[in-house]
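Student: Top to bottom, those sequences are chains A and B. For our numbering, count along the first sequence from 1 and bump the result up by 345. For our numbering, count along the second sequence from 1 and bump the result up by 11.
Treat the hints with care, as some may be off.
Below, a sample of chain A positions facing chain B; criterion: calculated Cβ distance under 7 Å [said to hold, decoys possible]: (1) Ile361; (2) Val364; (3) Val366; (4) Val375; (5) Leu383; (6) Thr389; (7) Ile405; (8) Met410; (9) Val412; (10) Ala414; (11) Ile419; (12) Ile423; (13) Tyr428; (14) Arg429.
No wet-lab data here; the hints were simulated from the structure. Beta carbons are placed, not taken as given, at the ideal position from N, Cα and C, and that holds for glycine.
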Amino acid sequence: MTLNYYLVLAALLFTIGAVGVLVRRNAIVVFMCIELMLNAVNLTLITFARSTGTVDGQIIALFVMVVAAAEVVIGLAIIMSIYRTRRSASVDDANLLKY
Amino acid sequence: MIDAPDLSLAALAPLLLVFGAACVGVLVEAFVPRDRRHAVQVAVALVGTVGGFAGTLLLAGTREVTAGAALAVDPAGLFLQATVVGLGALALLLFAERSLDPARSAFVASAAVPAGSVRDRELATSSRVQTEVYPLATFAIGGMMLFVTANDLLIMFVALEVLSLPLYLISGFARRRRLLSQEAALKYFLLGAFASAFFLYGLALVYGATGSIRLSEIRESASAEGGGVLLVLGLALLVVGLLFKASVAPFHAWTPDVYQGAPTPVTAFMAACTKVAAFGAILRLLYVGFGTEEWTWRPLVYGVAIVSMVVGAVLGLTQTDLKRMLAYSSIAHAGFLLTGVLGLGADGAGSGLAATMFYLLTYGLTTLGAFAVLTLVRDGDGEAVHLSQWAGLAARSPLTAAVMGLFLLALAGIPLTAGFTGKFAVFRAAIEQGAWPLVLVAVLASAVAAFFYLRVIVLMYFSPPAVDGPTVGVPGVPTTLVLAVTATATLVLGIVPGPVLDLAERAAIFVG
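When you get a sec, could you build the whole thing from the sequences and use the hints?
Tutor: Here it is, written out as structure tokens:
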């Protein structure tokens with residue numbers, strides 16, 4: 346069944362995103378990887394909407410886009426405020442809180 | 012033609028009231044002159060939350076699935092809503108405290124000004140306060156109330172974001188030690204967004220496996236067809252997303268950092284309300300959605316409960332910062348709460364649900380009180396949270412030390428405090444379901460954790476006070492009220508827990 350290719354592609358994208366969050370150091374890039382994960386989920390949802398013959402999946406994908414947009418606003422605001430203070434968006438530099 | 016879903020406005024009134032107050036708060040921020048804004052914002056937020064609390068009490072006994080079966084207003088949901096909004100109102104009182112900090116607020120005057128700049132130093136000592144924290148916190152409370160009544164995975168996801176996004180922001184709002192606070196916000200945001208992506212992928216897989224996102228339909232589909240790989244994988248990812256919010260080890264990495272960096276009133280709010288909301292959602296998901304597929308989640312929850320109790324108790328021993336110590340305590344308590352979740356028998360039989368809800372109430376009250384005491388003890392640089400600064404506090408302020416001692420004993424689970432009755436209830440529920448090895452670990456972990464609570468008490472009462480130790484501020488009306496309510500409740504629920512336990516037992520009903 347050809348729909349499986351979409352699911353595998355989405356799983357790969359999700360994994361690339363998850364690995365990216367764990368290995369990349371720039372907060373913006375980490376954030377982009379999270380967005381990649383969310384979009385992989387959207388692809389999965391659309392594929393399942395097709396395979397189960399319901400529209401719920403497509404509607405959820407729209408909700409996910411709106412939530413992702415809201416998350417971008419909050420995320421960039423937080424990253425900007427850190428960047429203005431430290432002149433760096435590296436997550437390794439944010440190391441005051443530990444142990 | 013699409014039919015509009017049925018909306019039972021009466022059943023949704025508490026939610027609408029809280030969200031309405033949050034929206035009004037945004038307008039107040041725009042239109043009310045700066046000098047009157049603080050009073051107006053506090054009034055609006057308190058009217059919304061206290062009204063929401065009263066509303067949940069009035070609705071007691073309702074069993075209704077509404078909004079196109081997306082929301083289940085049932086006794087358990089209402090109990091959890093009342094807990095969240097009640098604790099939220101108390102936390103808002105802590106936000107409103109103006110007499111402790113010389114700058115009259117725990118929150119930054121302007122979050123957009125870079126920390127450490129000339130303008131920032133001017134603002135830090137000015138009496139200017141920013142009030143956007145009230146509508147943000149009210150939105151978070153609304154999101155939490157939605158979270159515990161969500162009967163469908165999409166609403167659960169939206170509620171998760173509505174409660175998380177404001178929390179990410181307000182944890183970066185501390186007036187002092189701004190770098191720490193901003194760092195806490197960054198870490199909370201990145202890890203929180205990461206966890207919600209997992210929740211969402213779980214949602215997609217469960218949808219693919221069952222063709223629905225309604226918890227009741229997932230349950231029917233799962234019991235009719237048996238759990239496929241897709242369903243089990245989806246459930247695991249959903250639970251991981253929720254366990255992250257509930258700060259259960261091994262998904263706890265953010266907790267100590269965020270609890271330490273965030274402004275203390277916000278930490279109090281997160282520790283009490285987010286915990287209740289996250290566990291409310293876990294209970295509903297596991298009981299309503301996967302109650303017939305118990306074997307799929309029981310081993311996972313069993314494992315993380317043990318890890319969480321051990322990690323919380325052992326790492327808590329090594330902490331020298333009181334806020335971090337309470338964060339590890341919250342991780343250990345998340346493990347105890349999962350013990351109660353395991354007290355849910357097949358298809359929700361057993362007293363696990365009631366016990367967990369009662370524990371959530373007692374833990375929320377106690378931890379809120381403990382963080383409230385932390386806001387009182389201060390030095391020139393804000394709150395004095397290093398353990399060594401608390402040496403001999405009893406000589407300086409006997410009342411503060413006594414109240415803190417009460418909360419610490421309750422967190423440790425000493426009899427005659429709320430913590431003991433809560434722990435007893437969840438352990439009994441777990442033993443009834445045959446999970447005695449888990450309870451054994453829990454009792455041992457409680458004994459280890461008791462050490463670090465008692466260490467603070469010993470330090471307060473039996474150490475000589477430091478020469479240039481911290482001062483104990485005289486709290487204003489809001490903090491005094493919070494301390495009075497939480498301390499009284501901690502004692503009363505410890506000595507006569509009967510009525511509230513009965514209430515929790517009668518409320519232990521999920522519909523949908």
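Student: All the hints need checking, so say for each whether the structure fits it.
Tutor: Going through the hints against the structure:
1. Annotation: A:Ile361 was flagged as interfacial toward chain B, and the flag is violated, the nearest CB pair being 12 Å apart, outside 7 Å.
2. Because the smallest distance between the Cβ of A:Val364 and any Cβ of chain B comes to about 12 Å, over 7 Å, the interface hint for this residue is violated.
3. The beta carbon of A:Val366 is positioned within 7 Å of a beta carbon in chain B (closest approach about 5 Å), and the interface hint is therefore held.
4. Below 7 Å, beta-carbon pairs count as interface contacts, and A:Val375 has one with chain B at about 6 Å; its hint therefore holds.
5. Annotation: interface hint on A:Leu383 holds; nearest CB of chain B at approximately 6 Å, less than 7 Å.
6. Among the interface hints, the one on A:Thr389 holds; its C-beta lies about 4 Å from the nearest C-beta in chain B, closer than the 7 Å criterion.
7. Below 7 Å, beta-carbon pairs count as interface contacts, and A:Ile405 has one with chain B at about 5 Å; its hint therefore holds.
8. Given hint, A:Met410 at the interface with chain B, is violated; its Cβ is 12 Å from that chain's nearest Cβ, farther than 7 Å.
9. The beta carbon of A:Val412 is positioned within 7 Å of a beta carbon in chain B (closest approach about 5 Å), and the interface hint is therefore held.
10. A hinted interface residue such as A:Ala414 counts as satisfied when its beta carbon comes closer than 7 Å to some beta carbon of chain B; here the least separation is about 11 Å, so the hint is violated.
11. Taking 7 Å as the C-beta contact cut-off toward chain B, the hint placing A:Ile419 at the interface holds, the least distance being around 5 Å.
12. A least Cβ separation of about 5 Å between A:Ile423 and chain B falls short of the 7 Å threshold, and the interface hint therefore holds.
13. Annotation: A:Tyr428 was flagged as interfacial toward chain B, and the flag is violated, the nearest CB pair being 9 Å apart, outside 7 Å.
14. Taken as an interface hint, A:Arg429 checks out: its beta carbon lies about 4 Å from the nearest beta carbon of chain B, inside 7 Å.
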